[in-house]
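Asks: Note that the sequence shown ends on residue 217 in the working numbering; no numbers are left out.
In short, the hints are calculated from the structure, not lab data. In this text, all values refer to a predicted model and were calculated from it rather than measured experimentally. By construction, the Cβ of each residue, glycine as well, lies at the ideal position given by its N, Cα and C atoms. Incorrect hints may have been included.
Listed next, with one range per pair, are the computed distances between beta-carbon atoms [as the list claims (entries may be wrong)]: (1) Ala39 x Arg200: 16 to 26 Å; (2) Gly153 x Asp67: 20 to 30 Å; (3) Arg24 x Glu188: 36 to 46 Å; (4) Asp47 x Gln77: 13 to 23 Å; (5) Ile38 x Arg192: 41 to 51 Å; (6) Gly132 x Thr177: 21 to 31 Å; (7) Thr177 x Met75: 27 to 37 Å.
Below, a list of computed lysine to aspartate or glutamate pairs in the EDC-like style, where the Cα atoms sit at most 16 Å apart [unchecked claim]: (8) Lys169 x Glu121; (9) Lys187 x Glu198; (10) Lys169 x Glu128; (11) Lys169 x Glu150; (12) Lys125 x Glu198; (13) Lys57 x Glu68; (14) Lys57 x Glu150; (15) Lys57 x Asp42; (16) Lys169 x Glu129; (17) Lys169 x Glu191; (18) Lys106 x Glu129; (19) Lys106 x Asp89.
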Amino acid sequence: MQVGEPLFPIENDEDANDKIGRVLIIACGALAREIIAIRDLNGLDHIDLTCLPAKLHNTPDRIPDEVRRAILMNQDVYSEILIGYGDCGTGGLLDRVLEETGAKRIEGAHCYAFFSGLEEFEKIAEEELGTFYLTDFLARHFQTMVIEPLGLDWHPHLRDMYFAHYKRLVYLAQTDDPSLEQAAKEAAERLNLTFELRRTGYGMLSTFLRGGDAP
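Could you build all of it, start to finish, from the sequences and the hints given here?
Replies: Below is the structure:
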């Protein structure tokens, strides 16, 4: 799979009239399960989803261009396009793309903030600056999204360098899944951090998809 190849590609061979009144969500692949769950729980049948690879977070400078490309491919077909990304380390460059194209994203710097709520996330961060965060996605894919990119399988001694200033791991849980909670606890042990669980549910993402939280 190429860097910008969508995980859930939109079929563009339909008549454009078939998409009138429909909304396209262009999102990070790390949010795919959550967006589908919110859509299905709320009967949001007018929403289509396409996701860019979650590993783009390892190269956040690529996110704006990949999002722009996805928007331009679909903006003449859909009545509205929403972006399932926070700023995500783009330093405001993603917002420039949205200004250019008229698409809207969910408020917040990253998924940790919009899952927990902006004010609540600030409180969590202020409690302990040395906090490492997991979501359901990261608990599920800890090996491929954290351990392998950091090279900790081959150079375990790097853990103490990477995480020297971290004290705890906070698992922001979207679901009540014992297997994911156990995976998050094991991740904390592997990083030698204390473990804390905060159940957030879908947070602001649910409101955003239902049309009540576009900035």
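Asks: Identify every previously stated hint that the structure contradicts and give their numbers, smallest first.
Replies: 5, 8, 11, 15 and 18
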